[in-house]
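Residue-level listing of the chains:
Protein chains: 2
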Amino acid sequence: MTDIPRDHPRYQSLVTREMLVKGVRDGITSMQGLIAHGRGEAFDYLLGEKTTAPALGAEKAAVAMLLLARNPVVSVNGNAAALAAPEMVALAKEVNAGVEVNLFHRTEERVGKIAGLLRSNGCEPLGVHPDRLIPGLSHDRAKASSEGIFTADVVLVPLEDGDRCEALVKMGKKVIVVDLNPLSRSARTATVTIVDNIVRALPNMVKLAEEMKSLPRPELEKIAGGFSNETALSAALDAMMETVQSSKQH
Amino acid sequence: MTDIPRDHPRYQSLVTREMLVKGVRDGITSMQGLIAHGRGEAFDYLLGEKTTAPALGAEKAAVAMLLLARNPVVSVNGNAAALAAPEMVALAKEVNAGVEVNLFHRTEERVGKIAGLLRSNGCEPLGVHPDRLIPGLSHDRAKASSEGIFTADVVLVPLEDGDRCEALVKMGKKVIVVDLNPLSRSARTATVTIVDNIVRALPNMVKLAEEMKSLPRPELEKIAGGFSNETALSAALDAMMETVQSSKQH
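If you read the protein sequences in the order shown, they are chains E and H. Positions in the first sequence are counted from 1; adding 16 to them yields the UniProt record's numbering. Positions in the second sequence are counted from 1; adding 16 to them yields the UniProt record's numbering.
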């Protein structure tokens, strides 16, 4: 890993980048994932590289939905694996969810490496031998496991492609995405969109799940039901416009 | 190349990504270039992934400047080579410009590969054996050729680093950049900033050069002189804010 000075003003962002480059070298992250991350970086910059109050609200609603679910599943792709594997596994444990490897640029080699990483974090992942296809997607992008994403009622899919997000919603699932771009199709289609960096969102959600798992169901239902994705996206866009506006004035 | 379904709503953007990934595999593009491209993607999203009217105006002014130049040079880096090598060469021919390989993360191997790609597109590039240094930059990033960038009066440097853009401007050159981020230092420092995706900007410029090369000099001078970079950048930011605003209303 390139040595990054701890007092660099963008230390966290640079370390995150190094984690992904390492992910590519380890065969976990795709090169396309590196580009997608760059895109996220730009939106994160416009957000001020922090968890906004509306994003924290979305994280809380998402955790409530996962706790209320019959069969929740946490989906892991190459970027999520490189950036937040331990937290994804910890969250799944807290909310009793399955963990499924689910790649946009699927190769069996990459599936195997990500599965190995998840096992080393203490869980046995689904999706290594997918046996079902999500309707409306081309073959390789449709693969899902019958115990996991295919039958899940609530799915957390960080950093998901728009087409796939839409296909999951069409199956009647509640879909939670983590997406720094509030204009993306995923962001607009999902049930809950967390406009936050995955390296901040997942630790937040693990902590929230620890606190919230003892809440009675009606209280969780109130938290989940009180969330409006439209309002949350609008608030994220407002935060970004403020950054652009203030830079125009300089 | 991963197979992208033709009916994917973001087909062009995904194909562009694949071209860059292929660029890395071919030793033409750097991994840092992938992340930089992703940042550009975010701003392109905000622009609506189209050439705006102000961007087309900037492209026209840039072509006029290149046609008026005594010694124009088109600079090619790893991302430009992967995304628009044939168009860079075609533009250089239309405006009688030199083509120079000019890398931020310079390795002789990458220079050789890009030079080969340019030769296969029908031009003999400069910059393979640079003999001068641009003042104010560290050694490897300062390399330029005496017939090319070092003595050029007008330089087209798509996707250029802020420090290098500034150093070229300080040498008294007219600098044209293609940069999707209107807030970047390159965008603010350049003589003409084209806030557009290189995969749209370069084909536009080739077509404009074909049309404009027969124009009399006073007319070209009017087009070049009528351009204000500050106004263009402000218009680009406005276009981005409009996208955000209108998406808020849906």
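Hints listed in this document are in silico derivations from the structure and should not be mistaken for laboratory results. Note that the structure is predicted; figures quoted are calculated from it, not measured. Each hint should be verified, as a subset may be incorrect.
Said to hold, decoys possible - Some residues of chain H that are not near chain E, with every Cβ distance over 10 angstroms (derived):
hint, residue
1, 59
2, 69
3, 163
4, 167
5, 207
6, 223
What the hints assert, rightly or not - Some, not all, of what chain H presents toward chain E, calculated at C-beta under 8 angstroms:
hint, residue
7, 31
8, 35
9, 55
10, 84
11, 127
12, 199
13, 201
14, 256
15, 257
16, 260
Beta carbons are placed, not taken as given, at the ideal position from N, Cα and C, and that holds for glycine.
message = To test your reading of the hints: which numbers does this structure violate?
response = Numbers 1, 7, 8, 10, 11 and 13, in rising order.
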